[in-house]
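Chain by chain, the residues run as shown.
Number of protein chains: 4
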Amino acid sequence: MRPFLSHPFDDDKLKEECGVFGVIGVADAANFVALGLHALQHRGQEAAGIVSHHPEHGFNSARRFGYVRDNFTNQKVMDTLPGELAIGHVRYSTAGSKGATAIRDVQPFFGEFSMGGAAIAHNGNLTNAAQLRKELIERGSIFQSSSDSECIIHLMARSIQRTVPERMKDALRRVEGAFSVIAMTRTKLIGVRDPLGVRPLVLGRVGEGYALSSETCGLDIIGADFVREVEPGEMVVIEDGEITSSRPFAPATSRFCIFEHVYFSRPDSILGGRSVYETRRQIGVELAREAPVEADLVCPVPDSGTPAAIGYSQESGIPYAMGIIRNQYMGRTFIEPTEQIRNMGVRLKLNVNRGLIKGKRIILVDDSVVRGTTSRKIKDMILDAGAAEVHFRIASPPTAWPCFYGVDTPERSKLLAANMSEEEMRDWIGVDSLRFISLDGLYRAAGEPEGRDPRRPQYCDACFSGEYPVAPSDKLAEGFEMKEAAE
Amino acid sequence: MRPFLSHPFDDDKLKEECGVFGVIGVADAANFVALGLHALQHRGQEAAGIVSHHPEHGFNSARRFGYVRDNFTNQKVMDTLPGELAIGHVRYSTAGSKGATAIRDVQPFFGEFSMGGAAIAHNGNLTNAAQLRKELIERGSIFQSSSDSECIIHLMARSIQRTVPERMKDALRRVEGAFSVIAMTRTKLIGVRDPLGVRPLVLGRVGEGYALSSETCGLDIIGADFVREVEPGEMVVIEDGEITSSRPFAPATSRFCIFEHVYFSRPDSILGGRSVYETRRQIGVELAREAPVEADLVCPVPDSGTPAAIGYSQESGIPYAMGIIRNQYMGRTFIEPTEQIRNMGVRLKLNVNRGLIKGKRIILVDDSVVRGTTSRKIKDMILDAGAAEVHFRIASPPTAWPCFYGVDTPERSKLLAANMSEEEMRDWIGVDSLRFISLDGLYRAAGEPEGRDPRRPQYCDACFSGEYPVAPSDKLAEGFEMKEAAE
Amino acid sequence: MRPFLSHPFDDDKLKEECGVFGVIGVADAANFVALGLHALQHRGQEAAGIVSHHPEHGFNSARRFGYVRDNFTNQKVMDTLPGELAIGHVRYSTAGSKGATAIRDVQPFFGEFSMGGAAIAHNGNLTNAAQLRKELIERGSIFQSSSDSECIIHLMARSIQRTVPERMKDALRRVEGAFSVIAMTRTKLIGVRDPLGVRPLVLGRVGEGYALSSETCGLDIIGADFVREVEPGEMVVIEDGEITSSRPFAPATSRFCIFEHVYFSRPDSILGGRSVYETRRQIGVELAREAPVEADLVCPVPDSGTPAAIGYSQESGIPYAMGIIRNQYMGRTFIEPTEQIRNMGVRLKLNVNRGLIKGKRIILVDDSVVRGTTSRKIKDMILDAGAAEVHFRIASPPTAWPCFYGVDTPERSKLLAANMSEEEMRDWIGVDSLRFISLDGLYRAAGEPEGRDPRRPQYCDACFSGEYPVAPSDKLAEGFEMKEAAE
Amino acid sequence: MRPFLSHPFDDDKLKEECGVFGVIGVADAANFVALGLHALQHRGQEAAGIVSHHPEHGFNSARRFGYVRDNFTNQKVMDTLPGELAIGHVRYSTAGSKGATAIRDVQPFFGEFSMGGAAIAHNGNLTNAAQLRKELIERGSIFQSSSDSECIIHLMARSIQRTVPERMKDALRRVEGAFSVIAMTRTKLIGVRDPLGVRPLVLGRVGEGYALSSETCGLDIIGADFVREVEPGEMVVIEDGEITSSRPFAPATSRFCIFEHVYFSRPDSILGGRSVYETRRQIGVELAREAPVEADLVCPVPDSGTPAAIGYSQESGIPYAMGIIRNQYMGRTFIEPTEQIRNMGVRLKLNVNRGLIKGKRIILVDDSVVRGTTSRKIKDMILDAGAAEVHFRIASPPTAWPCFYGVDTPERSKLLAANMSEEEMRDWIGVDSLRFISLDGLYRAAGEPEGRDPRRPQYCDACFSGEYPVAPSDKLAEGFEMKEAAE
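Going down the list, the protein sequences come from chains A, B, C and D. Per our numbering, the first sequence starts with residue 1, numbered consecutively. Per our numbering, the second sequence starts with residue 1, numbered consecutively. Per our numbering, the third sequence starts with residue 1, numbered consecutively. Per our numbering, the fourth sequence starts with residue 1, numbered consecutively.
These aren't lab readings, by the way, just hints derived from the structure by calculation. Careful: at least some of the hints might be erroneous.
One copy or two, it doesn't matter: identical chains are merged, so the pair holds either way.
Stated by the list, open to error - Listed below are the simulated DSSO-like cross-link pairs for lysine-lysine, each with C-alpha atoms no more than 30 Å apart in a straight line:
| id | residue 1 | residue 2 |
| --- | --- | --- |
| 1 | Lys76 | Lys377 |
| 2 | Lys134 | Lys169 |
| 3 | Lys414 | Lys13 |
| 4 | Lys13 | Lys349 |
All chains should be built: construct the whole structure from the sequences, respecting the hints.
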């Protein structure tokens, strides 16, 4: 049964909502999927699910709240998931207003079609799901979850195509938004990315079989060799050791999510041929050039600010130091905590290294500022410990717009940068200086030496720029106001 | 109920066995103890216990397997622990051969005496517990646990003194070994350290009350101000806001455990007036001087090698980089894992940052080598990722002797350094070079500019030197052979 | 999470598969439903579910494995089910061959339609569910459960009617078999019985509101007054305190299940105006007339044989006695029991009253013989205790045919009476005499003084007679052979 | 972990506090103990414990809250209890005022002595436990539980005898009160009854081994043959297939608890050579003679009133009927129930058979009246169902005094019969007549044709007569006032 989750501690981060993993052609495929999902756990910590298929035992499924390692390592559970073909999904819990997740919201979703069953796992977000859902219900479909992803399986069920891949094409041509989808039938493993390739999806080879994973770190853990990325707009179908590729969508220019480089993906993953760690370190280098300051120590806000802090230190020559220590036994789930625990907030997770900080001028490097509440608390802790000065350096531009492509963002009104100038933010947080990397600086660090091409941006950066590559139809219908074109 | 724990992954570290925390004079004292134990979780992850006292509700106790945050944050549990006085304990699970821990082995231990009850929590290990236990059983004491610490409470029960502090003195004069003990009666909080002060214990002030903690990081989390260390051989009794100090034991020279600096304590703690982080960074500096090597990157084995790697990089000028990434969702408890999971070992926890490592000459900095098995696996991972050379630098001297003072060490025969020379170890691990810091270098980093004084060593370094400051009587009776004096 | 159920003990009974309960117009309706389901627990012990509706909080649902009292009495769970309108369902676990029940098989089923949501709970079994399911899948419906009842909600989703009651009529006109269905929308409570009225359904008044229940004992527990039965082929819709009745089906003669009188229903329920207890006692009276024997004691096989044993004793004048004692702490769920426990079988549940039995001629009255295995074990126990003679008297005719209308029956080949004559059964069980009540005797006890009308039987007695009032289409398609008409 | 029990339903019964079981000389002895305890579950439902010994694996123990069948049937648990020698205990939860039971209060208790370990399980209650405990604590014993039984093991630990049986004798000669104790060492199974033999204890033979059980029903379930009762004041020691009997105490006249016949023991047990069922039926016969009344039906209050109701019916000629039906899915544990559930009280458990009762004059036979609250509620239910008259007949004399010998009784002030005359009780309950069996009638039914011998009563009947065969020292010290001798 689901624990009554509470999140008393303001994580104050954008949150990737999902990770997907699939494997075909290896014994005990579900075990590999469990390992892959464990490596992708940073993409979703609330729940996980695995579906497997075995010629004799058919499709089997297990879906659980909690970490992968707490639910999918046990022999007894894994014995219920036999076969050489399996897919899985990790899911992030979206915030309160959307209502609590039920176990039936946990993917993969399974549908029995007239030609056999199929399961799908979706990373991303459909921007026209509300309209599709309404239409499907009117025609007699019964939805089991509150997930936008369920539209895909109902659209597939209603397609008159005779194979699952063709039904998927039918379905995915009807949806808008961002999607990296992994699907399976009794014999096929299928991977698709939306035309813009907003979310990542990579292909690997493991023994005689193949694996699909949101990130390369999922391939590493099972010892799979990286083959290539599934390309934006591509569908791959793997069956009997053969890969078939097709392009079901109209051609489009890729717009990969730049925030995957900044924060979402693991530093040991390789995205678009670039080491995520190296991109983040380079952000620090750019930041040191754009926003230098005299100080004694460069300290990361752990753990996500670490690579940029290293880069800043290397470029500036100011020594790098662990000024804030993270409690490694901190989890996210607190069941009905006491008032006092609730009020501890960030101190449960972080402690200042007092012996180091006292009397020093500190540069703190963090990955982003969302609501800004954590930044204030960290500043308080650092000053309490006796720092002489505190300078914040942020490894991303101001986050001023919500994401509608599979990331949990606060409403625009709660984004600090949507409401304040950089100076106002500095004053509100209460630090000696606050500087964000420029959008061009970020693009340079991400491998675009000329910076951002304003006419045809190389990445999706809607959260910084407000320029949405896919119109968020459902949100517009709800009244969301996009940036004016003239701006 | 206790999960059937299994530890399929060779942690290959020495393990501190306990942490203790107590507080008096604050509302909801048990909440503070829970927070303090959460900060001390690195000293023991298997189980935790808290005892509180309330004038109306008397003594109450809760003992649980698992992390503090999973058991002692819940309102319902904490409501059962009312009062302004409480103590707690975290405990490490010792390995299989000693048999499984039962909940009755989890401290604090409580005894009802004729003048009232008392509870104790012990960090350390008694070296004459077996003899004491035998003697106590012969006289009619009934032991409830297999813990050496239980002897203390039985000795107290049999003392003819009329107060708990006096009974504690009686009891502690009979025991040998290492002990930092926190105790409580209905009105008193008591702290004692053994004459050599092998394990840490610090005193802090919180509001109108006082706290005792194994390390200063426990004070930080509750916002307590550090007052001073409880001194070796000292007993402090806190009652009604007054602290009384006494010295129950014969005077002796302090021998604080140097491994607390190397690995056990948290880097944000301050021990003996020294920042643990700074000592570790300085170890890296010394190591760079003692054992330089040409290379492209200095990488820590996370997380414990990090400060020394930073120091090594700073002294050598070779860039610091995160060559190995730690999965932050890795816990220790796997319940009946599948064979495949069991075999994954270190890969569940660590992944190489392949994009960074390929073709590079890597210096890996780790805190210690115990069995050496993890070092081998890490070397394999690094070479698989395409490193050109691998050089291990170890932030402690070779660990060649077991500890009998509250640390879980393998038998001597399983310690790599007890059986091989440094060169043999290098070959067995299979790296291009392997160097340990010298004992003198370690002492210098730990604040002794002249290095180790061989006649009166400033620290306990038995695990490196084989020189045991307290004779391990029980172990000698079992046949353990000490290093010959002539050596 | 679901316990791994095992049923090591041959219950050797036909099992009612479901009970349904609903209430409208009372505060905290779900609490009443929980109580009603507790009273109906004998109709299904594996799982239970409740759906409620509240104007502000919408539809809410909770479904759990285990007893009602273990899951639906807790304040926290019940707080999640607010509103003045709620329905519920208890479910029996069908045996292994059909595969384990998943939580998604637990009713009520909920569907979101274009005009709003509806939930349904079904007692009975659809005999054409397989064909309907195939057809629905071909048209794009996605089934979430393996339950035949789910067809109803999909048929409703596809109906083009504009109200839920009209959609239910559309749907129920397409299904065949036995059904007593309770449904709810945001404002209506609906009850329907199939044209033959095979399963019971009664209407009660509670305060200003109304209740629907499988049996009158469900009304008693909440203090509701019995109003009347929902009639065979009738639909009642209750909204705003008004009851609307309609007759959606072609008229038919009622064929109520006679086994509800024999065993399924609770003895304190009133079915068709008759006290179940009294009918059962009267069966004993008839049996004493049809099959007298000289003996010392009449003993029931507890608890279901008790009323008939009382009747037998009263008619025969042979003293009634509790010769077999039931262990009241016996439950059904054993999780992975040891071999020895598994082999104990009936002895875990029943013990012979040795002090009473020794040397006596015993008449044992049981409700039915299914596989006969329990009868043999009971006979062994009675003889071990020293009985001089054992005479079995069975309160139902030989069970020779499976039921397809909502009862879990073994395959025909496993029914003792399908394979043996009464004498063969007597020899196989090993008793001095074995007699079943005649079908006419049973009808007389059930209020038909002339016995069974062979041309238009007043009850459904297919399990005894093989005459199925509704053709079991799916089963016939699978190859089930019905009794030949000539017989 | 222990559920937070609540008992919202006034059980309104005296409660036996314990049952004990032991076996030696059979493979997997703990399995037999689990079965025996399951049969003795009526003697204690809160918790159970088993200790076993195996030559290789030593002593092992498991103690759990909840029913035996929920905790001690599982293969995994039973695998932890290997060996051919085991003992066990079931325990009743005493009411709130005494504080919640902790798992450490659950027996068997184990002690490690200098000559080896021993475990004990105790049924009964020591009347001088408080004094003994005080004395033991003063001498340095540390108590782990709040149980009076723990005194025995501490007294044994301090004995200077060299064998466990001799130490038990030393210990048991110091205690006062009622005790049937089963103990075990590595090789011996030991049984002892106090000199008055207040609580039962029987010896059986199973295969090549022996069993000890509180009641004969415990022997029946494992297929053991009844050998004889352990006699009042006797100790039996079983080792290597040999039984040694001794008499450690001063001779005394037996005073077996007569309430074991009335209510505590199972009806299929044989106590003192008498069938419990038969005694209870005979009580009904006596009651019909002592307190006849014209009526239509004799109905038991299920289940404990059943045998007496049968006897009453047989003697009076008034038909016996099941006028009240018990819900067999009713358990005792409700975790934080809703207000509404809490208020349901007896209706969750019992329902009136309305079809039977209406317009009838009903004789209700119950085993006892304690607080009287349940009697009132049952009367209400019966009248609500339309009964014309209600006559209560009680199968025991008025319960006017608390029991101090191992039974949970309310304080004297809460016993209805301690505060009212029979007529006052009738009025307070609100029935047409209320009659209790006389003390002499009860003795006659229990095999004493001359009734009670007032000078040397054959049974302990303190709860009826106020004549305590052992002075309740601790209670007298607390201020309990015994009946004056003159009375």
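Here's how the hints hold up against the structure:
Taking CA atoms no more than 30 Å apart as the test, Lys76 paired with Lys377 passes between copies only; the shortest distance there is 28 Å, against 44 Å inside one copy. Taking identical chains as interchangeable, the C-alpha atoms of Lys134 and Lys169 lie at most 30 Å apart whether they share a chain (21 Å) or sit on different chains (24 Å). For a Cα distance limit of 30 Å, the shortest separation of Lys414 from Lys13 inside one copy, 12 Å, qualifies, whereas the shortest one across copies, 45 Å, does not. Taking the closest pair of Cα atoms, Lys13 and Lys349 come within 30 Å of each other both inside a single copy (14 Å) and across two copies (24 Å).
Figure legend: structure checked against the earlier numbered hints; every hint is met.
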